[in-house]
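Undergrad: If you want the building blocks of each chain, they are given just below.
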Amino acid sequence: DAMVIQNPRYQVTQFGKPVTLSCSQTLNHNVMYWYQQKSSQAPKLLFHYYDKDFNNEADTPDNFQSRRPNTSFCFLDIRSPGLGDAAMYLCATSSTGGVYNEQFFGPGTRLTVL
Amino acid sequence: AQSVTQLGSHVSVSEGALVLLRCNYSSSVPPYLFWYVQYPNQGLQLLLKYTTGATLVKGINGFEAEFKKSETSFHLTKPSAHMSDAAEYFCAVTGGSYIPTFGRGTSLIVHP
Numbered sequence: 003d004a005m006v007i008q009n010p011r012y013q014v015t016q017f018g019k020p021v022t023l024s025c026s027q028t029l030n031h032n033v034m035y036w037y038q039q040k041s042s043q044a045p046k047l048l049f050h051y052y053d054k055d056f057n058n059e060a061d062t063p064d065n066f067q068s069r070r071p072n073t074s075f076c077f078l079d080i081r082s083p084g085l086g087d088a089a090m091y092l093c094a095t096s097s098t099g100g101v102y103n104e105q106f107f108g109p110g111t112r113l114t115v116l
Numbered sequence: 058a059q060s061v062t063q064l065g066s067h068v069s070v071s072e073g074a075l076v077l078l079r080c081n082y083s084s085s086v087p088p089y090l091f092w093y094v095q096y097p098n099q100g101l102q103l104l105l106k107y108t109t110g111a112t113l114v115k116g117i118n119g120f121e122a123e124f125k126k127s128e129t130s131f132h133l134t135k136p137s138a139h140m141s142d143a144a145e146y147f148c149a150v151t152g153g154s155y156i157p158t159f160g161r162g163t164s165l166i167v168h169p
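Line order of the protein sequences matches chains U and R. Count along the first sequence from 1, then add 2; that gives the number in my numbering. Count along the second sequence from 1, then add 57; that gives the number in my numbering.
Rather than coming from a laboratory, the hints here were simulated on the basis of the structure. Heads up, the beta-carbon is just placed ideally off N, CA and C, and yes, glycines get one too. Some hints here could point you the wrong way.
[What the hints assert, rightly or not] No farther apart than 20 angstroms at their CA atoms in a straight line, the calculated lysine to any residue pairs in the SDA-like style are these:
(1) R:Lys106 with U:Leu23
(2) U:Lys40 with R:Ala143
(3) U:Lys46 with R:Lys126
(4) R:Lys106 with U:Phe106
(5) U:Lys40 with R:Thr163
(6) U:Lys46 with R:Arg161
(7) R:Lys115 with R:Lys126
(8) U:Lys46 with R:Ser164
(9) U:Lys46 with U:Asn30
(10) U:Lys46 with R:Pro97
[What the hints assert, rightly or not] Calculated from the model, a selection of chain U residues having no Cβ within reach of chain R, i.e. all distances over 10 angstroms:
(11) Phe17
(12) Thr28
(13) Leu29
(14) Gln43
(15) Lys54
(16) Asp64
(17) Glu104
[Unchecked claim] These stretches of chain U come out as covered by chain R in the derived footprint (C-beta under 8 angstroms, 3 or more residues):
(18) 44–53
(19) 76–84
Working from the sequences, and respecting the hints, build out all of it.
TA: This is how it looks when you write it as structure tokens:
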């Protein structure tokens, strides 16, 4: 089945220790998104790739970076995690080649910062 | 510009009762509307969507929603709640942009 995969599902890191979260997709969608979701809140868009073009949300901290080496993979790098970065991180994809732009989500990575 | 308002951060129902989750939207162009469900420690899963055509759309797990342009609403309903329906529900709109705008979410609580 075509899907969006996130690894790891759970990540524990120490304050200030860099961490990388990964996302892969078999849908061949051209848009990939990273969201941060804190408890009982809506997902907050951090950035997205439209094909190879990177689009950063204005309020995304510089501490967050992303890479998309090819269509299938996208990475979220947190350079110096703080306690406030503990959250669920969701990867999603969509295709602008279709009409409706519905998003397909991965299962998420729950990040704990000690 | 587009926005979504979900009335009620929490909705509590008894098992077997009607579920009604409210969503109102604004969009400067004809909208595409979505309902997603999120179970604990999981990603969002599409329940149903309205694009064009029939205004009453049916989704998975017995849910349906009706697009009412005059009321700018897209409320989600299910005739009979099940314990397994307990989850977070998000309404979203796209229109003129491929990036959706999400509502704040409604937590559905189902009592035995």
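Undergrad: Does the claim that Gln43 of chain U lies outside the interface with chain R hold up, using a Cβ gap greater than 10 angstroms?
TA: violated (7 angstroms)
Undergrad: Closest CB-CB distance from Glu104 of chain U to chain R, is it above 10 angstroms?
TA: Contrary to the label, Glu104 of chain U does not stay out of reach of chain R, its closest Cβ about 6 angstroms off (not over 10 angstroms).
Undergrad: Given the hinted pair Lys46 of chain U and Ser164 of chain R, is their alpha-carbon gap at most 20 angstroms?
TA: Given that 20 angstroms is the threshold and the Cα spacing comes to 17 angstroms, the pair holds.
Undergrad: Would the hint linking Lys106 of chain R and Phe106 of chain U be met if the CA-CA limit is 20 angstroms?
TA: holds (13 angstroms)
Undergrad: Would the hint linking Lys46 of chain U and Arg161 of chain R be met if the CA-CA limit is 20 angstroms?
TA: holds (10 angstroms)
Undergrad: Could you let me know if the closest chain R CB is still more than 10 angstroms away from the CB of Thr28 of chain U?
TA: Consistent with the label, Thr28 of chain U stays out of reach of chain R, its closest Cβ about 15 angstroms off (over 10 angstroms).
Undergrad: Starting from Lys46 of chain U, check that the Cα of Pro97 of chain R is at most 20 angstroms away, please.
TA: holds (17 angstroms)
Undergrad: Can you take a look at whether the region 76–84 of chain U is actually covered by chain R? Rule is 3+ residues, C-beta closer than 8 angstroms.
TA: It is violated, with 0 qualifying residues against the three required.
Undergrad: Under the criterion that the straight-line Cα-Cα distance not exceed 20 angstroms, is the pair Lys46 of chain U, Lys126 of chain R satisfied?
TA: At roughly 27 angstroms apart (the allowed maximum being 20 angstroms), Lys126 of chain R and Lys46 of chain U break the hint.
Undergrad: Are there three or more residues in the region 44–53 of chain U whose C-beta lies closer than 8 angstroms to some C-beta of chain R?
TA: holds (count 5)
Undergrad: Does Lys115 of chain R pair with Lys126 of chain R here, judged by a C-alpha cut-off of 20 angstroms?
TA: holds (17 angstroms)
Undergrad: Verify this label for me: Phe17 of chain U is non-interface relative to chain R, using a Cβ-Cβ cutoff of 10 angstroms.
TA: Label holds. Min Cβ-Cβ 23 angstroms, cutoff 10 angstroms.
Hint compliance for this structure: hints 1, 3, 9, 14, 17 and 19 are not met, and every other hint is.
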